[in-house]
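Asks: Letter by letter, the chains look like this.
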Amino acid sequence: MQESFDLDSLTLNTRRLEFEDGLNDFQNGIIFLLLGVLCSLFMSSTGIELFIRAILFNEEITMIALLALIPLFYLLTFGMRRRIRRYRREVLWRHLGEIEPFKWQVDTRFTLAAIGVWLIIVIVGFILFSGGPGNLDAGMRVIAAAGGAATGVIYFLMGRSLAIERYRWVGVLGVGLSILLIFIPLRVSLSWIAFGIIWVAILGVSGSMALRSTLMRLREHTV
Amino acid sequence: MSDYSIPTQFDRMIHNPGRLAIMAVLAGCERADFTYLEKATALNKGTLSKHLSALEESGYIEITKRFKGKLPNTSAELTSKGRKAFKHYRKQYQDFLNSVDA
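If you read the protein sequences in the order shown, they are chains A and B.
Counting from 1, one number per residue, gives the positions in the first sequence under the numbering used here.
Counting from 1, one number per residue, gives the positions in the second sequence under the numbering used here.
Simulated from the structure, these hints should not be mistaken for laboratory data.
Warning: the hint list may mix true and false statements.
Pairwise CB distance ranges, derived in the manner of DEER restraints [to be verified]:
#1 V124/A with E30/B: 44 to 54 Å
#2 R109/A with R12/B: 28 to 38 Å
#3 L97/B with E20/A: 26 to 36 Å
#4 V100/B with T111/A: 27 to 37 Å
#5 T64/B with T62/A: 38 to 48 Å
#6 S53/B with T108/A: 32 to 42 Å
#7 M80/A with D95/B: 28 to 38 Å
#8 N73/B with Q105/A: 22 to 32 Å
#9 I63/B with A65/A: 41 to 51 Å
#10 Q105/A with S80/B: 15 to 25 Å
#11 A65/A with K45/B: 49 to 59 Å
A quick note: this is a predicted structure, and the numbers were derived from the prediction, not measured.
The beta-carbon is built from N, C-alpha and C at its ideal position, and this holds for glycine as well.
I would like the entire structure built from these sequences, with the hints used as guidance.
Replies: Right, here's the structure in full:
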């Protein structure tokens with residue numbers, strides 16, 4: 001037994017174990033990309049037209065296909081989680097032992113802060129961009145940008161509370177790029193795709209860096 | 001002023017360093033297996049096993065034994081009683097430290 005130990009460190013090290021290998025970043029990046037694609041589809045004129053036609057003309061197959069996208073999204077997320085758990089058990093955590101992380105690691109205060117940021121950006125954005133009829137896209141773009149910024153806030157706060165330096169950068173970058181999105185003249189559907197690309201890129205880089213150092217440590221441990 | 005009566009009220013089940021380390025690790029996750037607890041707390045197998053049994057008897061943790069493939073796997077998780085007790089212990093400890101500092 002160690003001569004002395006820090007209680008907080010024991011709890012904190014266990015809590016952040018699931019973020020150390022970067023696999024969560026890949027998973028979340030893919031989820032955000034899929035979410036962006038889904039929102040883009042449901043907010044594009046083609047998507048809305050398909051949906052309206054399915055309701056008006058009783059096109060059950062189109063309707064089922066559209067609605068099936070939502071459970072498919074959940075199935076994919078669940079499948080990814082299972083694969084990650086298995087990879088950790090068999091490779092990354094083989095010598096370390098296994099933990100089952102908390103189902104929800106985000107503190108309620110962080111969620112509330114993110115909702116606050118989302119609301120502020122949406123309200124300010126609508127006030128700024130509701131000037132003319134041509135600004136509908138800009139007004140709607142604010143929703144995607146606010147979603148991105150709120151996600152960034154959560155990452156930043158998690159980085160601070162769990163002492164994960166890279167999440168602070170992920171948060172800052174996410175907020176910055178998402179706000180920038182407001183000023184890029186994209187159509188609503190494309191702005192959701194951009195939301196997905198921003199997050200899959202940031203989390204992809206962050207995850208790759210984390211996974212690389214984890215694999216290097218693992219190799220040293222094995223040698 | 002320092003309140004030296006506080007340490008006498010500490011929960012003795014948790015106050016033991018080994019059990020305290022186990023509780024601190026389990027407070028950071030839903031459940032952890034024996035190997036992880038052994039590595040994280042740096043306790044040897046026998047001592048860890050003894051402490052886990054004591055914590056289970058007091059109702060602070062729940063131990064699950066199952067097979068993963070062909071290998072037996074023992075894992076432990078804090079019960080709600082255990083989580084409350086640990087939270088209370090930490091508060092008492094902090095109060096004591098604050099009273100010493102004052």
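Asks: All hints are to be evaluated individually against the structure, with a verdict given for each.
Replies: Hints, one by one, checked against the model:
With their beta carbons about 39 Å apart, V124/A and E30/B fall outside the hinted range of 44 to 54 Å. For R109/A paired with R12/B, a C-beta distance near 33 Å keeps the hint of 28 to 38 Å intact. The beta-carbon spacing between L97/B and E20/A, approximately 30 Å, falls within the hinted interval of 26 to 36 Å. The hinted window of 27 to 37 Å between V100/B and T111/A holds, with their beta carbons roughly 36 Å apart.
Range check, T64/B to T62/A: about 47 Å between beta-carbon atoms, so the 38 to 48 Å window is met. A hinted range of 32 to 42 Å holds for the C-beta pair S53/B and T108/A, which are about 35 Å apart. The hinted range of 28 to 38 Å is not satisfied by M80/A and D95/B, whose Cβ atoms lie roughly 44 Å apart. Range check, N73/B to Q105/A: about 24 Å between beta-carbon atoms, so the 22 to 32 Å window is met.
Roughly 47 Å separates the CB atoms of I63/B and A65/A, a value that falls within the hinted 41 to 51 Å. For Q105/A and S80/B, the Cβ-Cβ distance of about 19 Å falls inside the hinted range of 15 to 25 Å, so the restraint holds. Between A65/A and K45/B the Cβ separation comes to about 55 Å, which falls inside the hinted range of 49 to 59 Å.
Hints 1, 7 from the earlier list are contradicted by this structure; the remaining hints agree with it.
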